[in-house]
Structure formats: C-alpha cells, structure tokens
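Participant: Position one of the sequence shown corresponds to residue 1 (the working numbering), numbered consecutively onward.
Check each hint, because a few of them may be wrong.
[Unchecked claim] Computed spacing ranges between beta-carbons, pair by pair:
#, residue 1, residue 2, range
1, Leu162, Gln267, 40 to 48 Å
2, Gly179, Ala12, 14 to 22 Å
3, Gly179, Gly201, 26 to 34 Å
4, Gly222, Met1, 26 to 34 Å
5, Gly179, Ala302, 23 to 31 Å
6, Pro355, Asp91, 13 to 21 Å
7, Ala111, Leu162, 24 to 32 Å
8, Glu123, Gly222, 30 to 38 Å
In case anyone wonders, no lab produced these hints; they're calculated from the structure. Where a beta carbon is used, it is the ideal one built from N, C-alpha and C, also for glycine.
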Amino acid sequence: MTTTYETFLDYANRADPYPLFPQLRRTPVARQPDGSYVVSTYREIVALLHDPRVSSDLRNLPEIANIRIAPDDAAPQLPPEFIRRDPPDHDRLRAMVMKHFGPPGAPGRVAGMESRMREIITELIDGLAGRSRIDVVDDFAYPLPVTVICEMLGVPRPDEPLFHKWSQIAVETNDPTTGTIVERNRRRFETLAKLGQYLDGLADAHQREPGDDLLSALVTDGEMARPDVLSTAALLLIAGHETTVNLIANGMLTLLRHPHVLERLRQDPGYAVNVVEELLRYEPPIHMPGPRRTALADIEIAGTTIPQGSVIVLVLASGNRDPARFADPDRFDPDRRDNQHLGFGGGIHYCFGAPLARLETRLALTELTRRLVEPRLVADPPPYRHTPNLRGPLHLLLDIDGIRSAHSASTQ
Numbered sequence: 001m002t003t004t005y006e007t008f009l010d011y012a013n014r015a016d017p018y019p020l021f022p023q024l025r026r027t028p029v030a031r032q033p034d035g036s037y038v039v040s041t042y043r044e045i046v047a048l049l050h051d052p053r054v055s056s057d058l059r060n061l062p063e064i065a066n067i068r069i070a071p072d073d074a075a076p077q078l079p080p081e082f083i084r085r086d087p088p089d090h091d092r093l094r095a096m097v098m099k100h101f102g103p104p105g106a107p108g109r110v111a112g113m114e115s116r117m118r119e120i121i122t123e124l125i126d127g128l129a130g131r132s133r134i135d136v137v138d139d140f141a142y143p144l145p146v147t148v149i150c151e152m153l154g155v156p157r158p159d160e161p162l163f164h165k166w167s168q169i170a171v172e173t174n175d176p177t178t179g180t181i182v183e184r185n186r187r188r189f190e191t192l193a194k195l196g197q198y199l200d201g202l203a204d205a206h207q208r209e210p211g212d213d214l215l216s217a218l219v220t221d222g223e224m225a226r227p228d229v230l231s232t233a234a235l236l237l238i239a240g241h242e243t244t245v246n247l248i249a250n251g252m253l254t255l256l257r258h259p260h261v262l263e264r265l266r267q268d269p270g271y272a273v274n275v276v277e278e279l280l281r282y283e284p285p286i287h288m289p290g291p292r293r294t295a296l297a298d299i300e301i302a303g304t305t306i307p308q309g310s311v312i313v314l315v316l317a318s319g320n321r322d323p324a325r326f327a328d329p330d331r332f333d334p335d336r337r338d339n340q341h342l343g344f345g346g347g348i349h350y351c352f353g354a355p356l357a358r359l360e361t362r363l364a365l366t367e368l369t370r371r372l373v374e375p376r377l378v379a380d381p382p383p384y385r386h387t388p389n390l391r392g393p394l395h396l397l398l399d400i401d402g403i404r405s406a407h408s409a410s411t412q
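Based on the sequences and whatever the hints tell you, model everything.
Facilitator: As structure tokens, this is what we get:
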C-alpha cells in the first residue's frame, strides 16, 4: 500500500502537493516502509530542528560512512559540507565562513551587493524588450542568482555551463525517488569531487592574486583547511542560486495567481518584505531539507519512538501549512502576523544564505511587477522540476505586452 508520503513524492503531485498535507499531518511522525520517519507537523518539526539528538551528518549511517569513490578517479573525495556536519565541527566551520560573509565579521558583504544586483536585474529585464513571450526561469530567475553568487564567490561567469551540470546532478541526489540513499550519495560524492577539483584550481589562482571575493577571503586567511574550503565553496555555489531560482519563480507564479497582491507590490515596493516572507511560508523553495537527519538516540515525540539510527525526514512545507500554527494556512496573505515560517529551516542549520536570497527576491519581484506590461501565464500549472525537495517551475512562460523602461517604472 502506498503511503501518503510516497504519494507526495510522486511527480504527478509536484504541481500541487498541498492537498496531501492534511492527510500527512494526521500522523505527525509516520514510519515509512524503508524504516525512515517522516515528520509533518510544525511543532514536531521545530522540536527536532533544535534537538541535539538529531544529526545532519550522514556518516552516522554506516552504509554512507563506508562509501568511497573509485581510487583511480583524478578528483579526490571532499569532506562533508558544514551543513552536513554536527557540532562542534559544524559550528567551527560555519563561524569561519560567516566571518567573511555576514555580521559581525563582514556586515556589508550582502548589503554591499544591492547596487550590483539592481544593475543585473535592469540588464536582464532590458534584454526582454521587443518580446511578447518570456520564460521567467530561463530569462531571469536563473541568470540573476547565478551571476550574483559567481561574483560574490569569485567564480568566472563564463564557466556557468560547466558547474551547472555538476550542480544539477548534486541537487538530483537529494531526490529520494532517484535511487537508494547509498546510490544517491555515491553520485553526490563523485560529482562534488569533480566540482571540488575545478574549484581547487580557482582557489590556487585566488591565493596567488587575491580579490575582494569570498573564495579569496577563505584561502588567504589560513584558518580553514583546503578540503573544507572546497566543500564550502561547492555548497555556496550550488545552494547560492538553486534556492533563489525557485523562490523567484514561485513568487512570480503566486503573484500572477493573486493579481491584487501583484498590483499592491507594483505600487508599493516596500511591500516586498511582507510578500517574500509569506512566499517562504506559502510556496517555499525547499519542501524538505537536503541533508537527511539521523537519530543519535531513541527519540520520543508525538507518541512515537524514533529508534536510534533511523533516518528522519522533515517536511518543512507541510509544517508551513499546519493549521495548528497558522490561521487559514492555505491562504496567501502577505499581511499575516506572527509569520514564523520554516522556509529557511531552523536551529543551528538555519539557511546560511537567507539574507542573500531575501534581498535578491525582494529586488527581483519588485522590478518584474513594475516593468512587465500585462504579464499573463501561458500555462497554469507550469511544468515543474522533478525533485520534490527543491520545488519550483522548470519553466514559467508569460505573455507580455511589453517592457516599461526602468526610468518610467520608477516614476510611476
């Protein structure tokens, strides 16, 4: 018999998984046929996000710890990224990166990119002039965050086709429908090794001639071992754009389905703060965090015992629609109060790049709504990406009646 979680994973439900969540939440902690435990209610998800007995390091699973990529591969296997480690390693590595990425060490790193983000956004939208049909994903939502993270990290933008291939494979290995946990992690290790080899060459170049980018900062301060620098750079390069692509595309789709909100945002750019926070709850880019959690001890929760060694799956998107936490949760309401959503996870693994994703999406949706003339969905629902973890449109085709100039849009 197919479980509700297995039905949720089925691509046939990717366009609208939300009707399945009430049924999923009837059993807040549900054991699956493969022995994993799926957690779907807000209270229990938050509790486990903050529980030190829950590990993000899959090396606690013997079948993962024993994976070794072929010794004749030219690219050495990288250590796990810091989001796939537990304290104290996680805390040590995250602090080293944060020193160069955000406050207090580098408070201006993200905010200082705003003017450049605006330039990129203007260039991308200007490039749509003369067209009557656009793809929000290919024409805008993908190139924007890719360009931003490349410039921030110090990766040449022309190399995008190269790392795009590795990024897609790495993302797909988080999809539980694409193989066993061992098969998927073997592919991930092999892919990240190749990406790491590419980044190692860049790190050498940045060490010889440092710039003001993040990779230069990591390799020149000498605190972090080179393998950890490469794992961290790979994480930032992939996560630094994949989440934001979905957030922008989901956001534009949601605004077109709620034209009164779109119009209010067009008239009031400041409303973008509310809009983005509600999008993170209502149509989050991440439905389940990529690193699977593991129970380090027996955990009693919601009347169920999760045995030591069990894999734990947190369905954040279901928690975001839990009526026990949010009033009228299936309504898109940017004026919602007390919106403590799970769009960026929680606990010690709260999304490292959240400030960057928020800023990019606020600026992106504000300019799209102000400059696109009469945008209309070509297909609703649009086609979706395959993975259930990082959920967003594969393409988002719009018919438009033109592009307002940046100047005229700003003076309306």
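Participant: Look at each hint and say if it fits the structure.
Facilitator: Against the structure, the hints come out as follows:
no. : hint                        : verdict
1   : Leu162 / Gln267: 40 to 48 Å : holds (42 Å)
2   : Gly179 / Ala12: 14 to 22 Å  : holds (19 Å)
3   : Gly179 / Gly201: 26 to 34 Å : holds (30 Å)
4   : Gly222 / Met1: 26 to 34 Å   : violated (56 Å)
5   : Gly179 / Ala302: 23 to 31 Å : holds (30 Å)
6   : Pro355 / Asp91: 13 to 21 Å  : holds (19 Å)
7   : Ala111 / Leu162: 24 to 32 Å : holds (30 Å)
8   : Glu123 / Gly222: 30 to 38 Å : holds (37 Å)
In this structure, only the earlier hint numbered 4 is contradicted, and the remaining ones agree with it.
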